[in-house]
Every structure is written in structure tokens, then in C-alpha cells.
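Q: Sequence:
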Amino acid sequence: DGYRNTNQVSDDYRYQDGNYDTPNDGYYRGGDEPTQEEDAQSDVTEGHDEDDEVYEGEYQGIPHPDDIKEKQKKRAPAVDDEYRDRADLMAERMEDEEQLAHQYENIIEECGHGRFQWTLFFVLGLALMADGVEVFVVGFVLPSAEKDMCLSSSNKGMLGLIVYLGMMVGAVLLGGLADKLGRKQCLIISLAINAAFAFLSSFVQGYGFFLFCRLISGLGIGGTLPIVFAYFSEFLSREKRGEHLSWLCMFWMIGGIYASAMAWSIIPHYGWGFSMGTKYHFHSWRVFVLVCALPCIASLVALKFMPESPRFLLEIGKHDEAWMILKQVHDTNMRAKGEPERVFTVSYIKTPKQVDEFIEIQSSTGTWYQRWLVRITTTLKQVWDNVLYCLTAQYRMNTLMLAVVWFTMALSYYGLIVWFPDMIRYFQDEAYESRVKIFDEEEVSHFTFNFTLENQIHRNGEYRNDKFIGMKFKEVRFEDSLFEDCYFEDVRSSETFFENCTIISTVFYNTDLYEHKFINCRLINSTFMKEKEGCHIDFEEDNDFLIYLVSFLGSLSVLPGNIISALLMDKIGRIKMIGGSMLISAVCCFFLFFGNSESAMIGWQCLFCGASIAAWNALDVITVELYPTDKRATAFGILNGLCKFGAILGNSIFSSFVGITKVVPILLASSALVGGGLLALRLPETREQVLM
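Here the sequence shown is numbered in my numbering, starting from 1 and rising by one per residue.
Honestly, the hints are just simulated from the structure, not real lab data. Keep in mind that this is a model prediction, so the values were computed, not measured. Beta carbons are placed, not taken as given, at the ideal position from N, Cα and C, and that holds for glycine. Check the hints yourself; a few may be wrong.
Label pairs and their calculated CB-CB ranges [stated by the list, open to error]:
1) Lys474 x Ser597: 22 to 32 Å
2) Gln328 x Gly675: 40 to 50 Å
3) Glu430 x Tyr514: 25 to 35 Å
Derived lysine-lysine pairs resembling BS3-like cross-links, with alpha carbons at most 27 Å apart [claimed, not checked]:
4) Lys532 x Lys474
5) Lys467 x Lys156
6) Lys474 x Lys184
7) Lys156 x Lys571
8) Lys517 x Lys532
9) Lys381 x Lys147
10) Lys381 x Lys318
11) Lys327 x Lys350
12) Lys517 x Lys474
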């Protein structure tokens, strides 16, 4: 009866001519009761349609409760987003990201692994190669640059560390920007900065400007490492990721080999250059700096033809662009496999809820620099928020453990990489000093010296009416000697000193025997005329060849470790790879106690580099996999920046003990590796994990 009364009310509120016609008396009227035939007819139609099809007990015309909830769920965000709590929006976004992660993994598997990934592999490999080259450039040019620029020991030390300082800042800054502006765009910026300032540094003459150029060049190349690994990982499926990211690491080794080979073949040829007057000199080491910029330039050009990461585009809500790129990947691989008829079956991809929308400033608002200032400050704030996000409760423990592992690895590795060549030089210097020739109480008069004197000590000698013309002194020391009525012309010297000597009526013309080379000497009626200006090249150092060879062998020695890590990365896992590699490297450090010769030191260096490279590769892989897409490059940049800080400390600490003791560097490196390796075993394994 109630149902029938309700029907009657609806009859009273009849719709007529666009208006609802209501009863005039204002009272509720049940109206006439329906006939028995009508009532029966209504009962008959329950759960049926005109074709007498039953809808499993649903009443015709009333929607299912699940359908109502689904429609409300779709309508709710559009209405309530601005009033909802941020935590709710973030929870919804995380749910969307989890769905996207699994869907994206299936899409990448459908696209396959083929020509597209291999093309991108070589393009990004060139960028990684440029990073490897940058680490070696300054070390190779210092022996020549210090003579061109008259660098003191402190200046040389600063030049060696300034590149790492730039790389540290660049990794954090450009890595963070890559999560906001895109992988491809930030990688292009990074490579362009490096190429421009590396090119410029080869032409500048002053130390200060050269230092600045290398700093900015390092800042540019510092961003490549976090961006390259984040970029490439987002085109790889789960089963291919560990292996192919490890293969990509080989380009860092190739960069070291390239730098060593170019230094060996270019720098010793000092005549490969030109001069413009007496102030501008372009020597062979500057040619070497130019050649080292070629991998960066090649990668920059090739990157123009590569697409943006579709995973990043989905993260910022650009569905259509991401779909087109994924279709391009699929079609490229299918054509290469001889299956061009294969159709890309994906029609829709889940995009996460956009919580932090970037506010575009309209062109009519403010001046151009005000708009850019707002854009820059907004972007930097978002980068800083990403940095803080890596330290939230969800990621804090992983970030701190990874930070310790990265730092201990960098402290020991980069410290020993600098310590090995310094120790080899120390052994060479010891052997050189052991061959010194000593002359006591010699008397020479009316003699012309026009040949090189090298590695000699002259004590209590007397030189009267002698001429030193067009000659070279190298590692020569005169002690308690007498020079009377002598003539020095066009003399060049290296590590040559006069101690407690008496020099009477002697002329020095066009020499580099400056005042500081006369220690506690008495100069009587002696004249210095037209001293040589600035620094100049003394001799080609035979030691340089050995240093290039050591760096070349050290880079080449990581090849077996690279191959092994690539083949086993997905089989034994990232954690065991890091822990095992670091512990084996620590054992190699202890054998350095037995390295008492150049050949032994070279051998232990090769063994150490070969053992430690697997840990570096696994660290790169696990860092990429532990963080979500919108934080991946930021986290990698933070950890890589910390790595460069460890490199600066390692270089400073280890080099200070050369020639003093081997115990401190060896114990410091081995203990750091053991501690970092054991801590790495507590990290979560990620080889079965999809990219979030």
C-alpha cells in the first residue's frame, strides 16, 4: 500500500507543459486505488524487461549499489579536491602509482628489449664515458699545466679537488631538477654545461679562470650519473634491469681508458700547439683537454634524437605523450625483430593523481624576470621538498644506510686511486735518488759547460773563469762552492739550488736561476740580466709515461669485474654483490703491505680496481630501484654528491701519508670497506621489484 501511495503522489506532481502541476488543496491525497489488474501487472514486471529477461533479482530501474559508489567515487575528486586533506590525496596518489608500476612493467615487457634500448644504451654510454674522462683529465694535465701556469703545491691541490667539488654540487642540483623538468632536458643541460666550459678551459691562460672553468665543467658532468641511470632504467623491464645497467657501467671504464690513451699519445708531444707572442701559449695538454670533450659533445648531439622517459611523463600526467613514446619503442623493436605487423595493444595507461601542480605565471603578470624568478624559486622549492622526502620515515633508514655505503666506498676507492700513483712516484724518486752522483772538492777553470747536468751533488768545488751556455741543470745541487769570474747564459734549471756558495764577479744572462735558488749564498759584484719570464718546460718526464700506463691498466683491470657483475647481478642479487665485492676489496687492501716496488703496486692496484667495480655497479642499480620515479634522480644525486665528498676527503687524507707510512691509508681503506660491506647486507633486496 505504501508503494502504491508513493506512485499516487508522483501522479499528483505531474509534469505538464514544462511545469509541475500540483494539487490545489495543499493536502496529501492517496488518490484512487489502482485496480487489481494494474497491481498484478506491476508485480509481473518486477525483475523482467519487455523481452522477459531476468536481471538476477535486481529491481528494474534502480541502479546497483556498487554502480552508485563507483559513480560517486568518480565525481568526488572533481568536487572535493580543494577541501580534502593532503594526506588523503597523497594516499590516493600512492595507490595510483602502485597500479601504474605494475601496468608499466607489463607495457615494457610488451615493448620488448631490442634496437631502441641498444640505441639509447650507446647514447647514454657516451654521457657516462664523459663522466669517466672528467675524473682523469686534471690529473693528467697537472704536470704540464703547473709549468705553464706556475702553480704552487697548494694551487695544484685545489685544481685536483675543484672538479670533485663541482661534481658534488651538480649531482644534487641537476639530479633534483631531473625529477621536475625531465630526464632528457636536464641531461642535455648537464652535457652542454660540461662541453662548453671544458672547451673554454683549454684556451684560458690564467690559473683563476682555468680553475673556474673546471669547476663549472665538473658541475655539469656531475649531473650525468644520476640522470643517466634513472633515464635508462625506465626503459628496462625487471628481468633486464640489473644486467643492462651493469653493462652501461662499462662506459665509465671506457672513459678512463680513452683518457689514458689520449694523454699518452698527445701530452708528451709538447710541440703540438702554437704561441701568440710571449703571453699566449697553446701547448699539447690543451689539445688533450679539447679531445676529452668529444664524448660529451657526441652524446649531446645524439641525445637530441632520443625521446623523454615515458615513465616520467606519466608521473606528471602527460598520458598521450607517454603513450606515443611507448608505441615508438614497441614499433622500433618489432621492426628490428622482423615483426612489423605486431600491434601495440595498450590503449590507456594509469596516471597518478597530480597533487603538486606547477603554477604557470601568465605572460601578462609582472615583468619577465619576475616570472622567471617565481618559476625558479618554485622549482627549487620542489627540489628541496624531494630532498626532504628521501629522509621521511618511509625511506629514512634506506637512505642513511646507502649514504654510509656510498661514502665508505668512495673514501677508500678514490683515496687509493690517488695514493697508488703517488706511491709509484715515490718509489721512482727513491730509485732516482739512489743513483745520484756526488763530486767533492773538484776544481774546474776555463771550461765551457754546454750539456745537461742531472742528478748530481757538487760539494766544496771551485769554478773559475767557466762558462755555462745553453745548458740545463736537472736535480743539481752545489754546496759550499766558489764561483769566480763565471758567465751563465741561456740556462734552464729544474730542482737546482746553490747552498752556502760564494759567487764573485759572475754574470747571469737570460737564465731562470732566480733569487730563491740561492740559499745562504754570498753574491759579490755579480750581475743578473734579463731573467727568463714565467714558467717553462724543463724536460719531458719519463715518469709521465708510467703514470699514463698505470691509469690505463687500472681502468682496463675493471673489465672482468664488469662482465662478472653484469652476468650475476640478477642471479645472486644486488645486496650480495655489494657486500661480497667490498669485503674482497678489503682483503686486497691488506696485500698492499707487501707492495714495495712499482710493479707490485701496479699489480695490487689492478686487483683492487677489478674487485671493487662490482660493488659500484650494484650500488648504482639498487639506488635506482629503491626510490619512486618522482624521487629517483634526486635520491641518486644526493648519494652521488656524498660520494664525491668522500672522494675529496680520500684524496686529501691518503695523499698526505705518501712517503711517511703505508699503515694508515691501508687500515683506513680496509676498515671503511669492511664496515660498508657489512652494513650493505642489511639493505632490502630489489631484484624482484618493479620500478615504483
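Q: Could you run down the list of hints and mark each one as holding or not?
A: Verification of the supplied hints:
For Lys474 paired with Ser597, a C-beta distance near 24 Å keeps the hint of 22 to 32 Å intact. Against the hinted window of 40 to 50 Å, the Cβ-Cβ separation of Gln328 and Gly675 comes to about 46 Å, which satisfies the hint. A hinted range of 25 to 35 Å for the beta carbons of Glu430 and Tyr514 is consistent with their spacing of about 28 Å. In summary, the hint linking Lys532 to Lys474 is supported, as the alpha carbons are separated by about 17 Å, within the 27 Å threshold.
For the hint linking Lys467 to Lys156, the alpha-carbon distance of about 36 Å lies beyond 27 Å, and the restraint is violated. Pair hint Lys474 plus Lys184 does not hold up; C-alpha atoms about 53 Å apart against a cutoff of 27 Å. The straight-line distance between the Cα atoms of Lys156 and Lys571 is roughly 45 Å, outside the 27 Å bound, and the hint therefore fails. At most 27 Å may separate the alpha-carbon atoms for a hinted pair to count; Lys517 and Lys532 meet this at roughly 14 Å.
Taking the CA atoms of Lys381 and Lys147, the gap is near 45 Å; set against the 27 Å cutoff, the hint is violated. Simply put, Lys381 and Lys318 have alpha-carbon atoms about 22 Å apart, close enough for the 27 Å limit, and the pair holds. Using a Cα cut-off of 27 Å, the hinted pair Lys327 and Lys350 holds, with the two alpha carbons roughly 16 Å apart. Using a Cα cut-off of 27 Å, the hinted pair Lys517 and Lys474 holds, with the two alpha carbons roughly 13 Å apart.
The structure is inconsistent with the numbered hints 5, 6, 7 and 9, although it conforms to all the rest.
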